[in-house]
Amino acid sequence: MEKLLLSSIAALAMLFSSPEAVLTLSFQPDQAAAQKGGFRGPAQKPNITRPRPQTKPSFNKPRPFPSARPRPSFNRPSTRPRPRPQTRPTPITRPRPSLRPNLRPNQPNRPNANRPSNGRPPAWNKPNRPESGLPGNGRPPAWNKPNRPNKPSVGPPNNGRPPAWNKPNRPNRPGAGRPPGWRPPHWRPPNWRPPFFRPPYYRPYHNLWGRPYWFPRLGWYHSYPTRGSTMVIVAELPDNCDNIYSTDETLYECRGILYRETYLRGELVYEVITDLDDLR
Amino acid sequence: MKKLALVMSAMALGLLPSTIAAQDSAAEETASAIDSQAVSIARASTEFLADLPALQTGWFVTYDEIIAGREKKTYIWSGSSALERGKGYRSTSERGDSTREYVYDGNDFTVASLDRGYYASLSISGSFDNLVTNLQENHGITLPVWEVFSVQNGGAFLDDIVEATYHGVTLVGGTAAHHLSFRSSSEDRQMWIATDPERPVPLMVVGTDPYQQGWPQYHAFFHNWNTAPKFQPDMYSFDAGDDLRRVTLPQLRAEAGGGEIETGQ
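Those protein sequences? They're chains A and B, same order as listed.
Just so you know, my numbering puts 29 at position 47 of the first sequence, and the rest follows in order with no gaps.
Count along the second sequence from 1, then add 3; that gives the number in my numbering.
Calculated from the structure, these hints are not laboratory results.
Misleading hints may appear alongside valid ones.
[To be verified] Computed beta-carbon distance windows for the label pairs:
1. A:ASP230 to B:GLY72: 17 to 23 angstroms
2. B:GLY217 to A:HIS168: 39 to 45 angstroms
3. B:TYR78 to A:ILE255: 28 to 34 angstroms
4. A:TYR195 to B:ASN133: 56 to 62 angstroms
5. B:THR168 to A:ARG209: 39 to 45 angstroms
6. B:GLU140 to A:ARG199: 32 to 38 angstroms
7. A:ARG199 to B:GLY120: 23 to 29 angstroms
8. B:THR77 to A:PRO220: 44 to 50 angstroms
9. A:TRP169 to B:TYR78: 27 to 33 angstroms
10. B:ARG248 to A:LEU258: 48 to 54 angstroms
11. A:ILE255 to B:GLU140: 22 to 28 angstroms
12. A:ASP221 to B:ASP199: 55 to 61 angstroms
[As the list claims (entries may be wrong)] Part of the chain B face toward chain A, derived, beta carbon under 7 angstroms:
13. PRO232
14. PRO236
15. LEU255
Yeah, the Cβ is synthetic: ideal placement off N, Cα and C, and Gly gets one too.
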């Protein structure tokens, strides 16, 4: 009995002391963390201090000499602080060498590179694609991510817009150079909506038989419920009809369609006998 | 539980007399809203017409139709009608741009347009009231001013009234008439009935539909009353001849034949 107890204790000691036990059966955080340098308490957000872009001019700095650029010829009254001349050097607009790998279709190490995408955009963010080799977990680099230092633009200078000749470091607004309160012609506030206009009222085509319907070979027609069926009627016959006098009723044939004279609610109408399905 | 039952019974005992009192007051209000003089004048006129073996009158009717909930269109229908109970009925009317002839001899009914050159015929037997009901329910045909000639349905409106008012005597086309007004669950109606107690014929009737926007009305003006007419023997016979062509008279569904069709959607 003692031998059995000792042997089991020895087996457990071997099991917990071996590296495989640490990898497979270790559920204790201190043991798990010890492989990465030890437990240091709860996880903390890394304090990464990035240089923030300068959005406002610093008034503590000594004011440099005014720029040599020509100023506007008139004194525009403005309540905003006067724009200061640019103190930072103009960023280089030369495209920076990209970090993104060359993913052109002829890339040899990319499987199925020549496969058409069926009109879909390339699935950059598609999971389980380790072959992409993209930095940033397969996503394109976030050039426009906030709180990032200004990077030189990779596109055309000034984003393709014309340079702001009238004012340095100011966007080229439509009202720039205009007195305050100036608006372009036909300008409306953003929440402006056109006033409600009541649509005109159109009198129905024929009020006695209800809603009219349109069929190309019939024109306007009406449907009317009868015993066992629904009658298709027209108020007037088309031109050039041939009368067919039968024994008990009068029929008309107009352009291959057979009509029968019918007295309906005090008015003479023409019932369409030909099946409309045959006319389609 | 016993307490709750006691409270409930007490409430019931307390509410019961008040409910009965409310019903009594409502009945009294209804009774007071109905002017007995107006009702008696109208009933006298209805019974007088129903007792006539034959009668003939000219009439001029306008009736409105509300289209698309806002447009009111007024139609005109005029003519003369004659009825000989047990023998036949004949009416000549003008509606739209054509005429209509309604002829009934007790076995066959014919509607014809002589100027348009067509007619439609139907086999119906029975009284005039049976003819009216059959045409309206099965074929959507409404005979002009049929209520004046009807025996069964002539006084049906008076059985359903909730208010009646007598407004006095007024002249209608030179004839003195009682001006009456009635309200029922289906229609508001004004009547002008001749003051002659020996000949209380209606001179004008105005009806209003209180449930339709626009409140369409019909006006019926009666003239040339003949309460003892003499008719020719061929008054109720109709010969189509060769000039008229026969047209079909379809049987409509019940919802389409009773005149309850909503038009102008």
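Now for the hints, and whether the structure bears them out:
In this structure, ASP230 of chain A and GLY72 of chain B break the distance hint of 17 to 23 angstroms, their C-beta atoms being roughly 41 angstroms apart. Against the hinted window of 39 to 45 angstroms, the Cβ-Cβ separation of GLY217 of chain B and HIS168 of chain A comes to about 42 angstroms, which satisfies the hint. Restraint check, TYR78 of chain B to ILE255 of chain A: a C-beta distance of roughly 30 angstroms satisfies the suggested window 28 to 34 angstroms. Checked against the given bound of 56 to 62 angstroms, the beta carbons of TYR195 of chain A and ASN133 of chain B, roughly 36 angstroms apart, lie outside it.
At roughly 43 angstroms, the beta carbons of THR168 of chain B and ARG209 of chain A sit within the given window of 39 to 45 angstroms. Between GLU140 of chain B and ARG199 of chain A the C-beta distance comes to about 34 angstroms, which sits within the given range of 32 to 38 angstroms. Under the hint 23 to 29 angstroms, the C-beta atoms of ARG199 of chain A and GLY120 of chain B, about 27 angstroms apart, fit the expected range. Our hint of 44 to 50 angstroms for THR77 of chain B and PRO220 of chain A is violated, since their Cβ atoms are close to 30 angstroms apart.
The hint said 27 to 33 angstroms for the Cβ distance between TRP169 of chain A and TYR78 of chain B, and at roughly 54 angstroms that hint is violated. Take ARG248 of chain B and LEU258 of chain A: their Cβ atoms lie about 25 angstroms apart, and the range 48 to 54 angstroms is violated. The hinted window of 22 to 28 angstroms between ILE255 of chain A and GLU140 of chain B holds, with their beta carbons roughly 25 angstroms apart. Restraint check, ASP221 of chain A to ASP199 of chain B: a C-beta distance of roughly 57 angstroms satisfies the suggested window 55 to 61 angstroms.
Contact between PRO232 of chain B and chain A, as hinted, is not supported at the beta carbon level, the nearest pair being about 26 angstroms apart and thus beyond 7 angstroms. The criterion of a C-beta within 7 angstroms of any C-beta in chain A is not met by PRO236 of chain B, whose closest approach is roughly 28 angstroms, and the hint is violated. Given hint, LEU255 of chain B at the interface with chain A, holds; its Cβ is 6 angstroms from that chain's nearest Cβ, closer than 7 angstroms.
In summary, the numbered hints that this structure violates are 1, 4, 8, 9, 10, 13, 14.
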